Structures are given as structure tokens and as C-alpha cells.
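Participant: Protein chains in written order, with my numbering: chain A, 7 to 225; chain B, 86 to 135.
One or more of the hints may lead you astray.
[Unchecked claim] Residues of chain B placed beyond 12 Å of chain A at every Cβ, according to the derived structure:
| id | residue |
| --- | --- |
| 1 | A88 |
| 2 | L94 |
| 3 | T98 |
| 4 | V100 |
| 5 | R101 |
| 6 | T104 |
| 7 | L107 |
| 8 | A113 |
| 9 | A114 |
| 10 | P122 |
| 11 | Q129 |
| 12 | P133 |
[Stated by the list, open to error] Covered by chain B, according to a simulated footprint, are these stretches of chain A (three or more residues, beta-carbon under 8 Å):
| id | region |
| --- | --- |
| 13 | 35-46 |
| 14 | 157-171 |
Read the hints as simulated data drawn from the structure, not as lab findings.
Please read all numbers here as calculations on a predicted model, not as lab measurements.
All C-beta atoms in this analysis are idealised placements derived from N, C-alpha and C, irrespective of residue type, glycine included.
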Amino acid sequence: MIRRLVHGLSELAVTAGAVLLLLVVHEVWITDLFSDGAQEQVAEELREEWSRPGAGPAGPALGEGFAFLHVPRFGSDWTRAVVEGVDPAELDEGPGHYPGTAMPGEQGNFAMAGHRVGRGSPFLALDVLRPGDAVVVETADAWHVYRVTTTSVVDPSENRVVSPTPGGPPGGPPTGAFLTMTTCHPKFSTRERLVVHAELEGSVPRTDAPQGPAALQEV
Amino acid sequence: MYAWIWRHLPGGTGVRAGTAVLLVLAVAALLLFVVFPAVSEHVQVWQPSL
């Protein structure tokens with residue numbers, strides 16, 4: 007009787023262990039497959055929307071792409087469509103824009119969150135960015151070139167990093183045009199957040215630079 | 086449970102082993118591509134926002 011019980015329990019333990027291992031495989035690799043597909047679709051829809059004549063919608067809906075993020079340090083062809091919203095469903099598609107924060111090029115803080123490991127891993131290499139690195143945001147009508155200013159590791163409760171002035175009060179006045187990227191830190195953990203701030207260097211209308219600003223070719 | 090499944094698989098040892106491997110793969114695929122994706126729409130292990 008005891009023997010059968012122990013036997014049954016050990017089979018259960020082995021099964022649970024195998025399922026947990028599979029869960030790790032899913033989180034680290036399988037989610038990439040789904041997210042890469044979703045990101046590709048969002049990017050395609052956005053390019054198509056931009057190629058149609060006429061003004062786009064006033065503000066993007068949750069989960070809808072509205073800009074392209076280029077980080078030359080991640081590779082000259084590294085680009086991701088940025089979607090509106092930072093809930094799980096939105097971040098599955100790509101880096102997400104914190105609703106209510108500034109839009110690209112605007113005064114205030116254009117703040118984004120992105121996954122570090124799995125689900126497309128858009129911000130996996132965020133820790134390699136150095137002060138002065140270019141972060142270029144492409145919108146329907148302009149290229150916005152930001153320069154990295156600081157990198158920090160903060161507690162997940164530190165929501166002042168997405169304030170209009172990073173580090174300032176949440177509803178405070180903006181003192182410039184900033185960009186913020188947040189992701190998980192360390193890798194495979196949510197204990198802390200890795201935060202990269204950048205400041206707007208300048209904006210170029212698309213009509214003046216169809217191929218993009220020179221900053222795209224850096225590194 | 087596993088002994089019970091093994092006893093009920095048809096064929097000789099070779100055929101049983103093959104069927105067992107297929108069963109394991111089928112369960113793994115079901116978990117990876119159907120069950121976990123459905124669950125992870127609501128629960129995410131690593132949430133990178135603040």
C-alpha cells in the first residue's frame with residue numbers, strides 16, 4: 007500500500023518536473039516563434055498604412071503599431087515596430103508604448119517597455135547601449151534621433167522613470183524631449199528593471215531624408 | 086500510471102517503445118503549442134513594464 011503510494015507520488019513528481027522543463031522551453035524559445043510572427047505582421051500593416059495616401063488615425067489603438075524603433079548598436083538592420091500599450095497581449099507583438107506618455111519627438115517622455123528574454127526578446131541587448139548611442143524613431147512623417155544619456159537598474163516600483171521628465175514627479179512638467187526603454191533585469195528575472203534614458207537630438211522630416219538620418223549608419 | 090500505459094500498448098517491445106516515444110512527443114507538442122500559449126495570454130512569467 008505504502009509502496010504503491012510512494013510509486014504513484016514519484017511518477018507524479020517526474021511528470022511535474024518534465025512539464026516545468028517544457029514550460030521553460032516554451033518561455034525562452036517557443037514564445038519567440040509566435041512573437042516574431044506577430045511583430046512581422048504589425049510591421050507589415052504599418053508600412054502598408056503609411057504607403058496609403060491620407061492621414062492616419064489620430065491615435066493608435068492598443069496593440070496597433072505606430073512607429074519603428076531603430077537601434078544601430080544592435081545592428082544596422084535592427085528594427086522593431088512599436089505598438090501601443092504595455093499589457094501582456096501588446097508586448098507579445100513587440101516593444102510597447104506606455105499609454106499616456108509622450109509620442110515620438112514630442113516634449114515629454116516617449117516611454118517603451120520590451121521583453122528581455124522570450125516573446126521576441128526585443129530588448130535583450132539593452133545593457134550594451136552606451137551614452138551617446140543613437141536611438142532612432144521612425145514615424146509616419148519624420149525621423150527622430152535620440153542619444154542615450156543614462157542606463158540604470160531600478161526597483162520595479164520606480165515608476166518615475168517614465169515621468170514626463172525622467173526621475174521627476176509622475177504628472178510633472180516636461181523639461182525636454184526624452185525617450186525611455188524599460189526591460190527585465192537580470193535576464194530570466196523580474197526582480198529589477200533595466201532602464202535606458204535618451205534625449206532628443208533632432209528631428210528630420212521624411213521628405214528631407216527618405217533613407218533616414220546619418221545616425222542610422224553609426225556603429 | 087506509466088506501467089499501466091506500457092502494459093496496454095500493443096505489439097512487441099520495439100513497437101511499444103516507438104509508440105511510447107510518439108506519445109511523449111504528442112503530449113510535449115500539445116503543451117508547447119496549445120496549452121502554454123493559451124495560458125500565457127493571461128499569465129506572463131516575465132513582465133518588463135513598471
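Participant: Would you mind marking each hint as holding or not holding in the structure?
Facilitator: Structure-based check of each hint:
no. : hint    : result
1   : A88     : 9 Å, violated
2   : L94     : 17 Å, holds
3   : T98     : 21 Å, holds
4   : V100    : 23 Å, holds
5   : R101    : 18 Å, holds
6   : T104    : 18 Å, holds
7   : L107    : 16 Å, holds
8   : A113    : 6 Å, violated
9   : A114    : 10 Å, violated
10  : P122    : 6 Å, violated
11  : Q129    : 5 Å, violated
12  : P133    : 5 Å, violated
13  : 35-46   : holds (count 3)
14  : 157-171 : holds (count 6)
Checked against the numbered hints given earlier, the structure breaks hints 1, 8, 9, 10, 11, 12 and satisfies all the rest.
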